[in-house]
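When you get a sec, could you build the whole thing from the sequences and use the hints?
For reference, the chains in residue letters:
There are 2 protein chains.
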Amino acid sequence: MSPVTIYDTTLRDGTQGTGISFSTLDKIRVAEKLDDFGVHYIEGGWPGSNPKDAAFFEEASKRSWKKAKITAFGMTRRGKMKVEDDPQVKMLLDAKTPAVTVVGKTWALHVTEVFQVTLEENLAMISDTVAYLKKHGREVLYDAEHFFDSYKENPEYSLKTIKAAQDAGADLIVLCETNGGALPEFVEETTRQVIAHLGRPVGIHTHNDGGVGVANALAAVRAGACQVQGTINGYGERVGNCNLTTIMPNLQIKMGIDLGLDLTHLRDLAHFVDELANVPHDIRAPYVGVAAFTHKGGLHVHAVQKLARTYEHVDPTLVGNQRVITISDMSGQSNVLIKAEGMGFKFAKGDARVQTILAEVKRLESEGYEFEAAEASFEMLIRKQLGQYQPLFNLIEYHSTHRFHGGEHGFETCEATIKIEAGGNRVYTVDEGDGPVNALDNALRKALLPLFPALKDMRLADYKVRIIDGGTGTAAKTRVLITSTDGNATWSTVGVSFNIIDASWKALVDGIEYFLLKRS
Amino acid sequence: MSPVTIYDTTLRDGTQGTGISFSTLDKIRVAEKLDDFGVHYIEGGWPGSNPKDAAFFEEASKRSWKKAKITAFGMTRRGKMKVEDDPQVKMLLDAKTPAVTVVGKTWALHVTEVFQVTLEENLAMISDTVAYLKKHGREVLYDAEHFFDSYKENPEYSLKTIKAAQDAGADLIVLCETNGGALPEFVEETTRQVIAHLGRPVGIHTHNDGGVGVANALAAVRAGACQVQGTINGYGERVGNCNLTTIMPNLQIKMGIDLGLDLTHLRDLAHFVDELANVPHDIRAPYVGVAAFTHKGGLHVHAVQKLARTYEHVDPTLVGNQRVITISDMSGQSNVLIKAEGMGFKFAKGDARVQTILAEVKRLESEGYEFEAAEASFEMLIRKQLGQYQPLFNLIEYHSTHRFHGGEHGFETCEATIKIEAGGNRVYTVDEGDGPVNALDNALRKALLPLFPALKDMRLADYKVRIIDGGTGTAAKTRVLITSTDGNATWSTVGVSFNIIDASWKALVDGIEYFLLKRS
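Listed in order, the protein sequences are those of chains L and A.
The first sequence lines up with residues 1 to 520 when you count with our numbering.
The second sequence lines up with residues 1 to 520 when you count with our numbering.
Since the hints were derived computationally from the structure, they do not count as laboratory data.
Hints may be right or wrong, so weigh each one.
Identical copies go unnamed one by one, so any copy, or any two together, can satisfy a pair.
Unchecked claim - Subject to a maximum C-alpha distance of 25 Å in a straight line, what follows is the list of computed DMTMM-like cross-link-like pairs (lysine to aspartate or glutamate):
no.	residue 1	residue 2
1	Lys349	Glu113
2	Lys62	Glu139
3	Lys339	Glu113
4	Lys67	Glu189
5	Lys152	Glu312
6	Lys306	Glu113
7	Lys477	Glu59
8	Lys384	Glu341
9	Lys464	Glu415
10	Lys152	Glu185
11	Lys254	Glu185
12	Lys69	Glu58
Here it is, written out as structure tokens:
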């Protein structure tokens with residue numbers, strides 16, 4: 001296989017995705033992270049399209065980059081205008097990047113119907129722009145928009161457009177599968193034909209509209225493509241671009257193509273970019289998702305322990321991820337042991353306490369508990385079974401009340417009272433809230449804060465409710481999952497009851513006790 | 001291309017996914033939806049693994065199915081045991097399904113190292129189990145676990161295992177890419193060789209660990225596979241199974257393979273299953289995601305308006321989706337129209353009332369409502385906008401209270417009072433319940449039953465709660481989805497509020513009013 005470079009367009013094509021936006025500072029941070037990681041090109045934005053992108057290039061030009069070439073993205077010159085008079089092309093030069101990527105039209109239909117220039121003028125637009133940028137000393141990448149749709153309809157004209165770019169001095173022609181709807185076989189065959197025609201390799205830029213964005217890029221690499229363009233986590237317009245987070249390990253680990261990347265930082269990179277984009281991690285993301293190496297079924301868990309590669313396609317540590325054994329209703333002794341040992345508990349082989357813990361897990365699971373996502377409750381359970389637990393307080397009574405006054409000027413009142421015994425004292429508090437659980441949470445904090453001042457650092461980060469067996473309507477059992485945080489760590493706890501308030505109470509108390517135990 | 005059948009395993013392999021679980025009723029509803037949609041096989045679960053799956057088959061056997069064959073999943077018999085003595089195999093028969101899928105071991109390493117039986121005994125386990133199930137009149141599908149990893153290491157033994165299944169009478173051999181790490185080229189080539197060896201087509205079952213789950217199944221189909229196994233929305237262990245929601249349109253629309261499916265219900269199906277699994281929709285899902293046909297870039301929008309196919313790989317209406325031009329919520333006029341007409345409302349082209357309804361839908365969606373799985377609330381909304389609605393009663397006040405007395409003999413009291421005005425009377429009732437919502441439900445029924453005796457036939461069948469924005473802890477917004485039934489029909493309603501009790505109240509009242517409206 002010939003060498004392959006990675007071209008990241010998270011900061012340009014990625015931001016076309018619904019809900020994705022970065023500040024200028026975010027962009028700099030992402031670019032630095034990508035440079036540390038070792039990608040070859042970082043497309044920073046489209047300086048002609050918005051001031052934020054222009055500000056990024058201004059900032060980027062002052063910094064030094066380890067390995068990556070920063071590239072600016074733009075279009076071929078407008079029709080019927082001299083290239084040196086086009087303000088958008090001028091801004092491309094003003095970006096002062098070592099490389100520039102220019103997109104041009106390939107599809108005759110697009111040229112004449114949408115852009116309303118002649119086919120000949122389009123070729124001149126491509127040729128003039130590439131030549132002009134080369135004259136100014138730039139490395140020029142030429143993105144052939146819609147290449148595959150166009151090639152299907154009119155291969156002759158499609159080839160003319162990229163030949164125009166090549167003859168004008170473009171350093172690389174990139175075939176863009178702009179609509180994202182082509183299938184791998186067609187991408188492979190077309191790429192092979194184009195490489196033969198140009199007499200040199202091309203780059204590939206794909207989208208995921210048919211769910212095969214990664215497979216299409218792999219197909220092009222098989223046909224000889226020497227550059228893959230994509231985005232971290234597959235951000236991008238519509239359903240997104242080729243997901244670099246997936247294709248990089250496919251290329252380097254599976255196909256043996258050395259990209260010069262240390263993939264043990266891959267998971268970090270993926271989560272870092274999600275954090276800055278402020279989008280939730282996809283737990284099911286290949287390689288880097290939280291669930292990517294999660295084993296739930298008891299039978300599988302048994303097999304994974306015996307021989308990891310029976311249910312793991314790669315060693316999770318190669319991509320900075322890790323194996324997770326979850327506790328589920330299929331749990332057996334092996335799951336419980338692995339999980340407990342991961343928390344630092346040590347058990348000798350045949351230790352009778354493991355049986356006791358397992359019995360308690362099974363009893364709670366049959367009541368509707370799930371410890372899969374509630375590791376803090378699981379640890380509290382083990383401590384209780386091992387006698388390593390002292391309650392912080394005794395609950396005497398709580399009372400929550402919710403009143404709705406109807407009519408035109410309807411309003412609600414929601415309050416809770418709590419009576420507890422702690423440290424020899426009886427504490428009695430009342431507070432209100434947005435709902436019964438929020439009121440209870442507020443009243444409990446009010447009661448405990450004077451006794452445990454560290455609680456001021458802890459807050460709830462997430463609250464999930466699940467009805468376990470909906471079949472009995474509003475009398476069904478409720479499972480509440482609460483995630484708490486102290487700003488650094490997060491931990492999750494679970495409570496189950498026929499009553500949502502009671503279930504929430506259990507999870508709340510577990511979360512507080514866990515926090516104070518770890519703090520002490 | 002030869003005909004291809006679709007085999008759905010959302011209810012079995014899908015539930016191995018982190019965070020995915022269905023109640024028995026959920027499973028029935030999903031199966032009915034899949035049957036309406038037209039898939040060929042619905043794998044309902046593993047009767048030998050848990051009582052919930054056994055309950056599903058019990059219920060499924062009482063119903064009639066339009067087109068789909070319900071299948072039960074299980075393993076080959078245990079080693080060193082007669083097949084008729086294996087309780088797990090017995091439960092497969094007890095499931096009374098027309099078809100049964102049996103998974104067996106292919107990989108020598110797996111057989112000897114993990115399962116510790118001899119390679120010969122493994123062949124006997126496969127052969128005995130298939131023959132026994134055939135003798136009992138079942139259509140038998142044989143899942144060859146780990147086929148691709150195994151074939152790479154030891155093609156000879158791998159082929160022996162599937163030959164054993166074929167010789168014992170299996171109706172279809174399914175090649176399973178269990179680890180999800182193979183790449184399309186290898187899947188295609190291997191499938192081609194196996195089909196040549198067996199002299200008949202096989203099925204394909206893939207996972208997405210390398211991000212090419214769909215591409216791998218497509219590759220197998222190109223090689224002659226006649227069945228694709230997968231899950232709705234790609235649920236499944238680790239990163240998930242082959243996403244049927246993506247591959248079905250790829251096969252039918254792009255490859256021209258007639259699956260006999262009306263794909264205009266595809267988006268509905270995908271969102272329905274997400275709602276029942278209580279997981280958020282992936283906005284970037286190919287074909288069915290909210291963003292799948294969303295155009296954000298100004299340039300693209302211009303082009304899309306001029307000529308849709310310049311930036312759309314398929315017409316979105318073919319899969320029940322729609323083009324979204326601005327970054328806003330998902331509803332467009334056509335969506336609302338299609339849905340309303342499906343309920344029997346008729347609108348002339350350009351009817352101004354459609355705009356009014358759409359505006360109200362958009363307003364409620366921005367508050368957190370979703371009508372995908374709450375068709376009864378949607379109908380009530382339309383009736384309200386058309387002036388075809390009279391409230392049954394006016395709410396004056398409700399009050400719910402929950403008291404927990406702690407200590408050794410702790411007990412709870414949960415009660416609600418309701419004050420309403422109906423038919424000129426003021427009615428004031430109190431009742432208790434298992435939780436605040438159940439108490440409220442009971443008190444409301446007590447108030448309404450004398451006025452509307454038909455209510456005795458109606459009961460709640462399911463109750464789901466979703467926290468919309470978990471980031472704000474127990475003060476987050478709550479969406480409640482209630483399913484009601486009169487023993488024959490079921491209908492679902494939705495309510496949203498910062499307060500779970502208030503959200504439940506809205507959904508409860510909608511459900512009761514809808515029922516009485518249909519009865520009158």
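Quick rundown of the hints versus the structure:
no., hint, verdict
1, Lys349 with Glu113, "between (68 Å within a copy, 21 Å between copies)"
2, Lys62 with Glu139, "within (19 Å within a copy, 70 Å between copies)"
3, Lys339 with Glu113, "between (55 Å within a copy, 23 Å between copies)"
4, Lys67 with Glu189, "neither (33 Å within a copy, 38 Å between copies)"
5, Lys152 with Glu312, "between (39 Å within a copy, 16 Å between copies)"
6, Lys306 with Glu113, "between (62 Å within a copy, 8 Å between copies)"
7, Lys477 with Glu59, "between (35 Å within a copy, 22 Å between copies)"
8, Lys384 with Glu341, "within (16 Å within a copy, 58 Å between copies)"
9, Lys464 with Glu415, "both (21 Å within a copy, 24 Å between copies)"
10, Lys152 with Glu185, "both (13 Å within a copy, 23 Å between copies)"
11, Lys254 with Glu185, "both (20 Å within a copy, 12 Å between copies)"
12, Lys69 with Glu58, "within (15 Å within a copy, 63 Å between copies)"
Checked against the numbered hints above, the structure breaks only hint 4 and satisfies the rest.
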